[in-house]
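S.K.: Chain residues, written in single-letter form:
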Amino acid sequence: MAEVTMTVNGKSVTKSVKGNTLMTEFLRDELRLTGTHVGCDTSQCGACNIHVNGNLVKACTMFAGEADGAEISTIEGQANADGSLNVIQQAFQDHHGLQCGFCTPGMVMAAASLLKENPKPTEAEVRDYLEGNICRCTGYHNIVKAILAASGQDVSGIAAE
Amino acid sequence: MPKDHGIGASQKRREDVRFLTGAGNYTDDINLHGQAYVYFLRSDMAHGKINKVDTEEASQMPGVVRIFTGADFEGIGGLPCGWQVTDKNGDPMKEPAHPVLAQGKVRHVGDPVAAVVADSLEEARTAAEAIELDIEELPAVVDMKAALADGATKVHDDLSDNLCYDWQFGTDTEATDKAFAEAAHVTTLELVNNRLVANPMEPRVAVGDYSRANDESTLYTTSQNPHVIRLLMGAFVLGIPEHKLRVVAPDVGGGFGTKIFHYAEEAFCTFAARQINRPVKWTSSRSEAFMSDAHGRDHVTKIELALDADNNFTAVRTDTYANMGAYLSTFSSSVPTWLHGTLMAGNYKTPAVQVNVKAVFTNTVPVDAYRGAGRPEATFQLERVIDKAARELGVDPIALRRQNFITQFPYETPVAVAYDTGDYEATMAKMEELMDIPGFPERRKASEAKGKLRGLGVNCFIEACGIAPSNLVGQLGARAGLYDAATVRVNATGSISVMVGAHSHGQGHETAFPQVVAEMLGIDESMVDIVHGDTSKIPFGMGTYGSRSIAVCGSAMVRATEKIINKAKKIAAHLLEAAETDIELKDGQFSVAGTDKSVAWGDVTLAAYVPHNYPLEDIEPGLEETAFYDPSNFTYPAGAYACEVELDPETGEVTIEKFVSADDFGNVINPMIVEGQVHGGIAQGIGQALLENCAYDENGQLLSASYMDYAMPRADDLPHMANYTVDHSCQTPCTHNPLGVKGCGEAGAIGSPPTVVNAVIDALQSGGHKVEHIDMPVSPSRVWAAMNG
Numbered sequence: 001m002a003e004v005t006m007t008v009n010g011k012s013v014t015k016s017v018k019g020n021t022l023m024t025e026f027l028r029d030e031l032r033l034t035g036t037h038v039g040c041d042t043s044q045c046g047a048c049n050i051h052v053n054g055n056l057v058k059a060c061t062m063f064a065g066e067a068d069g070a071e072i073s074t075i076e077g078q079a080n081a082d083g084s085l086n087v088i089q090q091a092f093q094d095h096h097g098l099q100c101g102f103c104t105p106g107m108v109m110a111a112a113s114l115l116k117e118n119p120k121p122t123e124a125e126v127r128d129y130l131e132g133n134i135c136r137c138t139g140y141h142n143i144v145k146a147i148l149a150a151s152g153q154d155v156s157g158i159a160a161e
Numbered sequence: 001m002p003k004d005h006g007i008g009a010s011q012k013r014r015e016d017v018r019f020l021t022g023a024g025n026y027t028d029d030i031n032l033h034g035q036a037y038v039y040f041l042r043s044d045m046a047h048g049k050i051n052k053v054d055t056e057e058a059s060q061m062p063g064v065v066r067i068f069t070g071a072d073f074e075g076i077g078g079l080p081c082g083w084q085v086t087d088k089n090g091d092p093m094k095e096p097a098h099p100v101l102a103q104g105k106v107r108h109v110g111d112p113v114a115a116v117v118a119d120s121l122e123e124a125r126t127a128a129e130a131i132e133l134d135i136e137e138l139p140a141v142v143d144m145k146a147a148l149a150d151g152a153t154k155v156h157d158d159l160s161d162n163l164c165y166d167w168q169f170g171t172d173t174e175a176t177d178k179a180f181a182e183a184a185h186v187t188t189l190e191l192v193n194n195r196l197v198a199n200p201m202e203p204r205v206a207v208g209d210y211s212r213a214n215d216e217s218t219l220y221t222t223s224q225n226p227h228v229i230r231l232l233m234g235a236f237v238l239g240i241p242e243h244k245l246r247v248v249a250p251d252v253g254g255g256f257g258t259k260i261f262h263y264a265e266e267a268f269c270t271f272a273a274r275q276i277n278r279p280v281k282w283t284s285s286r287s288e289a290f291m292s293d294a295h296g297r298d299h300v301t302k303i304e305l306a307l308d309a310d311n312n313f314t315a316v317r318t319d320t321y322a323n324m325g326a327y328l329s330t331f332s333s334s335v336p337t338w339l340h341g342t343l344m345a346g347n348y349k350t351p352a353v354q355v356n357v358k359a360v361f362t363n364t365v366p367v368d369a370y371r372g373a374g375r376p377e378a379t380f381q382l383e384r385v386i387d388k389a390a391r392e393l394g395v396d397p398i399a400l401r402r403q404n405f406i407t408q409f410p411y412e413t414p415v416a417v418a419y420d421t422g423d424y425e426a427t428m429a430k431m432e433e434l435m436d437i438p439g440f441p442e443r444r445k446a447s448e449a450k451g452k453l454r455g456l457g458v459n460c461f462i463e464a465c466g467i468a469p470s471n472l473v474g475q476l477g478a479r480a481g482l483y484d485a486a487t488v489r490v491n492a493t494g495s496i497s498v499m500v501g502a503h504s505h506g507q508g509h510e511t512a513f514p515q516v517v518a519e520m521l522g523i524d525e526s527m528v529d530i531v532h533g534d535t536s537k538i539p540f541g542m543g544t545y546g547s548r549s550i551a552v553c554g555s556a557m558v559r560a561t562e563k564i565i566n567k568a569k570k571i572a573a574h575l576l577e578a579a580e581t582d583i584e585l586k587d588g589q590f591s592v593a594g595t596d597k598s599v600a601w602g603d604v605t606l607a608a609y610v611p612h613n614y615p616l617e618d619i620e621p622g623l624e625e626t627a628f629y630d631p632s633n634f635t636y637p638a639g640a641y642a643c644e645v646e647l648d649p650e651t652g653e654v655t656i657e658k659f660v661s662a663d664d665f666g667n668v669i670n671p672m673i674v675e676g677q678v679h680g681g682i683a684q685g686i687g688q689a690l691l692e693n694c695a696y697d698e699n700g701q702l703l704s705a706s707y708m709d710y711a712m713p714r715a716d717d718l719p720h721m722a723n724y725t726v727d728h729s730c731q732t733p734c735t736h737n738p739l740g741v742k743g744c745g746e747a748g749a750i751g752s753p754p755t756v757v758n759a760v761i762d763a764l765q766s767g768g769h770k771v772e773h774i775d776m777p778v779s780p781s782r783v784w785a786a787m788n789g
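So the sequence lines, in the order shown, correspond to chains A and B.
Residue numbering for the first sequence follows our numbering, starting at 1 and increasing by one per position.
Residue numbering for the second sequence follows our numbering, starting at 1 and increasing by one per position.
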């Protein structure tokens, strides 16, 4: 067991962890931040996406010990300070970018990273960026639309039907 | 102007807020005090005789609470099959035992041999490695035709062979043979409907709990139908009466059919929690899901289409082998029969239709319903053979379909179902308009200028949804009723909880169902919530599958709300000192017709619960009503789909350049949600057509057991927005349910695979390649091989 200290969604956290504790397990089991989901065991689906020091990371690919000293952000830390949905979350609701909701936290975290890197992406760039995220419900159409809308681009002309 | 509330409004989904903020409550988010964890040791061979499972050393490992094997389940029921199919000779289907943990033999890769319960998952997994297994490997049967050959290895030693049933349905053989003998033209096609894995993004989870104080068990599980699990597990497996068993399916991360079924892990966790008096939790890994979730499709079919000299369809005959896997999953037997054979007439007035299905046991994971369940298989065969016939006859595939459309309703097909309503010409015309069919030659030229081949594929489809009349399905072998139920509980202040038997796992029921109640009562939707997914809270329910939620459960909710209105009018009449027949309800106000006297919804609901001024001699206090609704027929959504592909002759790569769906879902409650359902269905259909394949080698080893080797559709595999339109403006309302709805959940997955393959074949033919068929997934290597083969 080793002691780790990190900042999670703006709050400092210190815990003892085993060397083989995955970041997904640490967030879900130790911190009870269950919005980070585990959808596969091969780092393919992206349901466990979090931000580590501002970078998009699949939490299933790192040990909790590796996060010592890091700034961690999860889906639970994305809403505005008053609790309202942030621009990306609101766009997902407005454009029906989620159905069962299981992949959604990972999609929102990926979208936030994309828009930080590329504030006005094209449709092709959005689709390319989502290569590491699998959604089984939506067919991605409305996810892509939501991300374009969140970037401030007008999607009203895109066939909504 | 689109509506902004009530039926027909694209209300934003209220459930989204919790999912978008990480506040959803999925089964794996549930942890009970003192819970233990189970790890299942699964067979790594497809077929083997269990000589010994030695758990002695493993039992001494740190943290181990108890290790269970098949022996612990002797004398306990096995997992039941919910649908009895009768063979064409009148014999019942063969129903092998399906123990919770393997007994005597292992029959597929993933068959659970032992279950280690420990204080932590890590300790359970470590101890499982110390279990000594002596399993003698036996030859495996994987290919269905080989499994039926004389002398083939038997999956179940106590059965005479690997044939589960040999089913025949529809027009009799004499009349069918005569139609073929008299045909001017016969088109024949052999094809495979590829084995798929449903892959909801949330893997299955089960948490069993037991209370000694009152001898009650609770199972938290990832299910589409908690009451069905309670009935099957309680009555058939563990012998726990319903009033001592609660099944909860909280937020569920997608289902697509594969979470309908009652699984061994659910029974195990419930059983083990009683044995060790501690909660027991199981969370599937994705790899485990690939070898333990029921798979879908896996049919091998020969279809023949007979036409007269005027190109009218005169007969269809099919001969299908349907893979059951190693055991009969809950609804497995119904999929290739009643969910498939009954749809073989399609949208066409073919007078003779005969369906033959051999269901076969193999050493593979059980196969059961997956989005569309039987209907995609029926549509794929029929729409592929029609395309081939059009090419052989040199006629336009759209015109050939149109000429044979059913145009008079109701229409009784030769395969037992009666379509109540539809307008196939309307959806075809809508598809042609949206697809800009006249512009196709220009688009093909543009592709050819880039060195690509371009193909146009079209097809129609029909499905039977809203499953459906209990008396009919009972005759067909269903061992359950297929009604649904709803309780509308109006609270004293006028807010409403509706307890519904349908389960929402992505379909947006929490938003759409209240739209109906709010519209009926004329109150704000925010006053209405639905409650679902907990057998202790809802009256009963058969759950969500077969696009049935709004058509069946929604209808139950309408009936219960009508009862509420009737009673509320009586109360209002009393308060207004008027005759009940003079009371009108509009915009949440009860008024006396022709006067300005009225009372508000809240006044009436308060009077029901604070009955100081109340006709107690005539009606009871309170305002709560339950209705069970059993439909008189299936619903029949239908549509026309079209797709254009570009094919790179250098590599065989296929890309979808344009896609249109024109569906008839009858009335629509929330268009935004309906369109989302179609998007998802189309993505799964395109996935089946181009990417997905569950593959076994000849020894029964599962080759595609992770997302590294099972190709799930990703965002860049699907058509871009500008070239993609889903439409449901053609609406012929269902004639027999109160909402006129038909259901929309499966259409996309049914309508899209044949249109993609038809387009690929059209592209190849345009390039001079005389290719008539490529089995799905139409991968670059298969296309290249077909071109160069």
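Wrong hints could be hidden among the right ones.
[To be verified] SDA-like cross-link-like pairs, simulated, lysine to any residue; straight-line CA separation at most 25 Å:
{"id": "1", "chain 1": "B", "residue 1": "K3", "chain 2": "A", "residue 2": "K11"}
{"id": "2", "chain 1": "A", "residue 1": "K15", "chain 2": "B", "residue 2": "S704"}
{"id": "3", "chain 1": "B", "residue 1": "K12", "chain 2": "A", "residue 2": "D94"}
{"id": "4", "chain 1": "B", "residue 1": "K12", "chain 2": "A", "residue 2": "K18"}
{"id": "5", "chain 1": "B", "residue 1": "K12", "chain 2": "A", "residue 2": "Q93"}
{"id": "6", "chain 1": "B", "residue 1": "K105", "chain 2": "B", "residue 2": "L159"}
{"id": "7", "chain 1": "A", "residue 1": "K18", "chain 2": "B", "residue 2": "P62"}
{"id": "8", "chain 1": "B", "residue 1": "K450", "chain 2": "A", "residue 2": "D94"}
[Unchecked claim] Covered stretches of chain B (chain A as the covering partner; in silico rule of three or more C-beta atoms under 8 Å from a C-beta of chain A):
{"id": "9", "segment": "95–101"}
{"id": "10", "segment": "705–715"}
[As the list claims (entries may be wrong)] Which chain A residues stay away from chain B? Per the calculated CB distances, all over 12 Å, these:
{"id": "11", "residue": "T5"}
{"id": "12", "residue": "N9"}
{"id": "13", "residue": "K11"}
{"id": "14", "residue": "T14"}
{"id": "15", "residue": "D29"}
{"id": "16", "residue": "G35"}
{"id": "17", "residue": "D41"}
{"id": "18", "residue": "A47"}
{"id": "19", "residue": "V52"}
{"id": "20", "residue": "Q93"}
{"id": "21", "residue": "D94"}
{"id": "22", "residue": "P105"}
{"id": "23", "residue": "P119"}
{"id": "24", "residue": "E131"}
Since the hints were made in silico from the structure, they are not lab data.
These numbers come from a predicted model, not from an experiment.
Glycine residues also receive a C-beta, built at the ideal position from the N, C-alpha and C atoms.
S.K.: So, for every hint listed, does it hold in this structure?
M.R.: Checked hints:
At roughly 44 Å between alpha-carbon atoms, B:K3 and A:K11 are farther apart than 25 Å, so this suggested pair is violated. A hinted pair counts as satisfied when its Cα atoms are at most 25 Å apart, and A:K15 with B:S704 does not qualify at roughly 39 Å. Of the supplied pair hints, the one linking B:K12 and A:D94 holds, its CA atoms being roughly 6 Å apart against a limit of 25 Å. Distance check on the hinted pair: B:K12 and A:K18 sit about 43 Å apart at the alpha-carbon level, beyond 25 Å; violated.
Proposed proximity of B:K12 and A:Q93 is supported: the alpha carbons are some 6 Å apart, at most 25 Å. Restraint check for B:K105 and B:L159: satisfied, since their Cα atoms lie roughly 14 Å apart, inside the 25 Å limit. The straight-line distance between the Cα atoms of A:K18 and B:P62 is roughly 17 Å, inside the 25 Å bound, and the hint therefore holds. A hinted pair counts as satisfied when its Cα atoms are at most 25 Å apart, and B:K450 with A:D94 does not qualify at roughly 39 Å.
Counting residues of the segment 95–101 of chain B whose CB falls under 8 Å from any CB of chain A gives 0; the rule of at least 3 is not met. Interface restraint, the segment 705–715 of chain B with chain A: holds (7 residues with C-beta to C-beta distance below 8 Å; minimum three). Non-interface status of A:T5 relative to chain B is upheld: no Cβ of that chain comes within 12 Å, the nearest being about 22 Å off. The Cβ of A:N9 does not lie farther than 12 Å from every Cβ of chain B; its closest approach is about 10 Å, which violates its non-interface assignment.
Once the 12 Å rule is applied to beta carbons, A:K11 is consistent with being away from chain B; the minimum gap is 15 Å. Separation of A:T14 from chain B is adequate, the least Cβ-Cβ distance of about 22 Å exceeding the 12 Å criterion. Not every beta carbon of chain B lies more than 12 Å from that of A:D29, the smallest distance being close to 8 Å; the non-interface claim is violated. Look at A:G35: its CB is around 2 Å from the nearest CB on chain B, not clear of 12 Å, so calling it non-interface is violated.
The claim that A:D41 is not at the interface with chain B is violated, since a C-beta of that chain comes within 12 Å of its own (minimum 5 Å). Residue-level check failed: A:A47 sits 6 Å from the nearest beta carbon of chain B, not beyond 12 Å. Non-interface status of A:V52 relative to chain B is upheld: no Cβ of that chain comes within 12 Å, the nearest being about 17 Å off. With a minimum CB-CB distance of about 4 Å to chain B, A:Q93 fails to clear the 12 Å threshold, and the non-interface call is violated.
Under the 12 Å C-beta cut-off, the non-interface status given to A:D94 relative to chain B is violated; the minimum distance is some 6 Å. With a least beta-carbon separation of about 5 Å from chain B, A:P105 fails to lie farther than 12 Å from that chain, contradicting its non-interface assignment. Every Cβ of chain B is farther than 12 Å from the Cβ of A:P119; the closest lies at roughly 19 Å, confirming the non-interface assignment. Residue placement check: A:E131 does not keep its beta carbon more than 12 Å from all beta carbons of chain B (closest about 6 Å).
Violated hints, listed in ascending order, are 1, 2, 4, 8, 9, 12, 15, 16, 17, 18, 20, 21, 22, 24; each of the other numbered hints is respected by the structure.
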